[in-house]
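*Asks:* Go by the hints and put chain B onto chain A.
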Amino acid sequence: KAGVTQTPRYLIKTRGQQVTLSCSPISGHRSVSWYQQTPGQGLQFLFEYFSETQRNKGNFPGRFSGRQFSNSRSEMNVSTLELGDSALYLCASSLDRSQPQHFGDGTRLSIL
Amino acid sequence: GESVGLHLPTLSVQEGDNSIINCAYSNSASDYFIWYKQESGKGPQFIIDIRSNMDKRQGQRVTVLLNKTVKHLSLQIAATQPGDSAVYFCAENGGGFKTIFGAGTRLFVKA
Chain A
15 KAGVTQTPRY
25 LIKTRGQQVT
35 LSCSPISGHR
45 SVSWYQQTPG
55 QGLQFLFEYF
65 SETQRNKGNF
75 PGRFSGRQFS
85 NSRSEMNVST
95 LELGDSALYL
105 CASSLDRSQP
115 QHFGDGTRLS
125 IL
Chain B
2 GESVGLHLPT
12 LSVQEGDNSI
22 INCAYSNSAS
32 DYFIWYKQES
42 GKGPQFIIDI
52 RSNMDKRQGQ
62 RVTVLLNKTV
72 KHLSLQIAAT
82 QPGDSAVYFC
92 AENGGGFKTI
102 FGAGTRLFVK
112 A
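From first to last, the protein sequence lines stand for chains A and B.
Quick note on my numbering: the first sequence kicks off at 15 and runs consecutively.
Quick note on my numbering: the second sequence kicks off at 2 and runs consecutively.
In short, the hints are calculated from the structure, not lab data.
Incorrect hints may have been included.
Just a few of them, taken from the derived set where beta-carbon distance is under 8 Å, the chain A residues facing chain B [claimed, not checked]:
(1) P53
(2) L57
(3) Q115
(4) D119
Below, a list of computed lysine-lysine pairs in the DSS-like style, where the Cα atoms sit at most 30 Å apart [what the hints assert, rightly or not]:
(5) A:K71 - B:K99
(6) B:K99 - B:K72
(7) B:K57 - B:K72
(8) A:K71 - B:K72
(9) A:K27 - B:K72
(10) B:K43 - A:K27
(11) A:K71 - B:K69
(12) B:K99 - B:K57
(13) B:K57 - B:K69
(14) B:K43 - A:K71
(15) B:K43 - B:K57
(16) A:K27 - A:K71
Covered stretches of chain A (in silico footprint by chain B; criterion: 3 or more residues with CB under 8 Å from a CB of chain B, positions within the stretch not fixed) [to be verified]:
(17) 84-97
(18) 103-112
From the three backbone atoms N, C-alpha and C, an ideal C-beta is built for every residue, glycine too.
Chain A with its partners taken away, still in its complex shape:
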């Protein structure tokens, strides 16, 4: 069974640009969560989707958004990029709440 796939693996952008990251969950998993990981803040929850609906959202500004498609694939978008958005963005999928989440290897986003 294929794991969680995130694309691209690395991305370099400049301030003010916008970016879209993609996540393909494990087949059969309908819950997809996104996290931001930085050395200073650790793993911070961004949002969670289930069957195309956002069920929960973390404490991030509105520049961070996401969506989920009918095939459970998910994208997250960050607009008006800031230097502080440089981070590893991780996607995780699970069958549902209170089930183990399985992570992709992330997208490393660098803002210049």
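*Replies:* Using the frame of chain A, we list chain B on its own:
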């Protein structure tokens, strides 16, 4: 507010010894706890989980203990190997649909 913390940021053990990584959580309503291992350049990898109706759960070389009275979680790794060197995160699901992660403990295994 909700938080999951780790007592020690780093842990160094001798190969073959047992490792114990501790974690404190603050949300008494949390009912599901997970341990993850993250190696350099990779995403967190699920190790073991435990639900709040259990005190102990064992896997292959790993054991998770849950003490709800003091809101404490621990991960025990038996016969620690060099391949166990990584950052370990505890996480809790305290209701809603988000998982809260602790800060992480870096485990060094000395050969």
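*Asks:* Work down the list of hints and note, for each, if the structure agrees.
*Replies:* Verification of the hints:
1. P53: At 10 Å from the nearest chain B Cβ, P53 of chain A fails the 8 Å test, so the hint is violated.
2. L57: 4 Å, holds
3. Q115: Because about 6 Å separates Q115 of chain A from the closest Cβ in chain B, which is inside the 8 Å limit, the hint holds.
4. D119: 5 Å, holds
5. A:K71 - B:K99: The hint holds at about 8 Å.
6. B:K99 - B:K72: 19 Å, holds
7. B:K57 - B:K72: It holds: about 14 Å lies between the C-alpha atoms, which stays within 30 Å.
8. A:K71 - B:K72: Since the Cα atoms of K71 of chain A and K72 of chain B sit roughly 25 Å apart, the hinted pair holds (cutoff 30 Å).
9. A:K27 - B:K72: 42 Å, violated
10. B:K43 - A:K27: 22 Å, holds
11. A:K71 - B:K69: The hint holds at about 27 Å.
12. B:K99 - B:K57: Roughly 23 Å between the alpha carbons, so the hint for K99 of chain B and K57 of chain B holds.
13. B:K57 - B:K69: Roughly 11 Å separates the two Cα atoms, so the pair holds.
14. B:K43 - A:K71: 24 Å, holds
15. B:K43 - B:K57: 28 Å, holds
16. A:K27 - A:K71: Given pair K27 of chain A, K71 of chain A holds - Cα atoms ~25 Å apart, limit 30 Å.
17. 84-97: violated (count 0)
18. 103-112: Per the Cβ count (4), the hint holds.
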